[in-house]
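*Asks:* Sequence:
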Amino acid sequence: MADDLSVQQAREVIRQIRRYNAVDENLCRTAKRVLPDVWKSLENIKTQFGNSIDLLSSELYSRPAHFLLEVVQNADDCSYDEDDDPELRITLHDKYMEIECNETGFTESNVRAFCAIGQSTKKGCHGAGYIGEKGIGAKSMFKVANKIHVHSRNFHFTLDSRDELGMISPKWENSSSYCPGWTTMRLEFIDDEQIDAVREQIHLVQESILLFMRRLTRLDIEDGGISTTITREIDDDILTIRRVRGSQTTTRCYFRVVENLAAYTKEKKREGAKETELILAFPLDDDCEPLRASQMAYAFLPMGNFGFNFIIQGDFLTAANREDILAELEWNTTIRDSIGGVFMTALGKFHNDSKLRFTWPMFVPRDSDVPSAFFSSVVDDIRLSGFHRDIR
1 MADDLSVQQA
11 REVIRQIRRY
21 NAVDENLCRT
31 AKRVLPDVWK
41 SLENIKTQFG
51 NSIDLLSSEL
61 YSRPAHFLLE
71 VVQNADDCSY
81 DEDDDPELRI
91 TLHDKYMEIE
101 CNETGFTESN
111 VRAFCAIGQS
121 TKKGCHGAGY
131 IGEKGIGAKS
141 MFKVANKIHV
151 HSRNFHFTLD
161 SRDELGMISP
171 KWENSSSYCP
181 GWTTMRLEFI
191 DDEQIDAVRE
201 QIHLVQESIL
211 LFMRRLTRLD
221 IEDGGISTTI
231 TREIDDDILT
241 IRRVRGSQTT
251 TRCYFRVVEN
261 LAAYTKEKKR
271 EGAKETELIL
281 AFPLDDDCEP
291 LRASQMAYAF
301 LPMGNFGFNF
311 IIQGDFLTAA
321 NREDILAELE
331 WNTTIRDSIG
341 GVFMTALGKF
351 HNDSKLRFTW
361 PMFVPRDSDV
371 PSAFFSSVVD
381 DIRLSGFHRD
391 IR
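Counting in our numbering, the sequence shown runs from 1 upward without gaps.
The hints are simulated quantities; they were obtained by calculation from the structure and are not laboratory data. Any given hint could turn out to be false.
Unchecked claim - Cut-off 27 Å, straight-line C-alpha distance, at most; resulting in silico cross-link-like pairs (DSS-like, lysine-lysine):
#, residue 1, residue 2
1, K95, K147
2, K147, K171
3, K171, K95
4, K349, K147
5, K171, K40
6, K46, K147
All chains, full assembly: derive it from the sequences and hints.
*Replies:* The following block contains the structure:
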């Protein structure tokens with residue numbers, strides 16, 4: 001590949017990052033001897049910056065193992081060879097966890113962004129459907145781990161939160177055992193409490209985690225000999241998510257309606273985007289009847305439950321914790337105000353289904369179902385859609 005670097009070139013990239021962060025040993029010794037006053041100021045800046053990174057890592061998410069969602073998202077953002085089915089493997093051991101992905105591997109720009117704050121590896125790719133934007137996702141791993149080993153192509157390095165600026169200053173590591181052709185990360189847990197937190201979150205992983213991934217079609221999780229496999233399949237309007245755990249298989253089906261919206265609003269974080277995709281997914285039971293149950297809203301990953309009986313997926317811009325929609329942004333209100341129109345499109349499709357043409361009202365929300373101030377207007381929009389569409 002054109003982006004492939006030799007081991008020597010990859011090692012030089014790691015050295016350059018350390019020099020840029022002023023943690024290179026030779027550079028530090030020289031600066032301390034030649035420019036002592038500048039050195040003291042630099043040390044103060046590094047200390048304060050390091051404290052800020054620590055605070056970001058520890059307080060970014062409300063749940064200790066939220067980084068699992070980041071791991072899945074990052075895998076979906078990656079590039080894959082056309083002949084490969086995008087796959088992510090997570091294996092939990094006693095003291096560490098391995099994350100393996102059959103992506104094409106890290107480029108130099110990926111590594112530099114991975115070892116930085118606020119520099120997403122996917123900048124400028126929103127038109128292609130990338131969902132990574134925060135540039136801080138990798139740092140969420142340090143909420144449960146103090147050291148991360150990374151092996152991808154010819155890059156082999158570690159990040160250690162106990163070192164000076166260790167979350168963003170990689171150290172070269174001689175390659176160890178890892179799956180060739182895959183990107184492998186090994187997370188060394190801080191303590192048993194974090195191991196228990198991750199194990200609990202892994203056991204709570206729902207099959208819906210793959211619902212709106214763009215590329216990832218398979219997630220394998222192994223913990224203590226217990227294997228869980230989640231797969232995603234799309235057949236016309238029907239999206240099927242299947243989870244196999246031991247001898248138990250769970251299947252979820254959704255009637256899926258997709259609509260591309262013109263991106264008229266000017267939003268810096270979506271600069272260059274000409275359109276954005278809005279998806280509504282209606283849960284069905286084994287008899288293809290509406291499954292009346294409150295569903296999550298997604299910005300590719302779960303944001304929260306706002307009381308709707310169907311799933312809403314939009315490229316909403318959220319706060320850094322990915323749990324709060326930025327309600328004041330025109331980009332977000334434009335997506336929200338389009339939900340009623342997409343629901344109307346769904347009614348037209350329901351008309352061609354022998355069961356849903358009569359049972360679709362079960363998906364219509366009531367005012368009391370949706371307490372969210374941001375989404376409250378959607379209830380009236382959906383009702384108007386139903387009144388204006390005759391599908392009997």
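*Asks:* For a C-alpha distance cap of 27 Å, please report whether K95 and K147 respect it.
*Replies:* holds (11 Å)
*Asks:* Are K349 and K147 close enough, with their CA atoms no more than 27 Å apart?
*Replies:* violated (51 Å)
*Asks:* Does K147 pair with K171 here, judged by a C-alpha cut-off of 27 Å?
*Replies:* Distance of about 11 Å is within 27 Å: holds.
*Asks:* Quick one, are K171 and K40 close enough, alpha carbons at most 27 Å?
*Replies:* Cα-Cα ~24 Å, so holds.
*Asks:* Going straight from one Cα to the other, do K171 and K95 come out at no more than 27 Å?
*Replies:* This hinted pair holds, its Cα atoms lying about 21 Å apart.
*Asks:* For the pair supplied as a hint, K46 and K147, is the alpha-carbon distance within the 27 Å limit?
*Replies:* holds (20 Å)
Violated hint: 4 only; the structure is consistent with all others.
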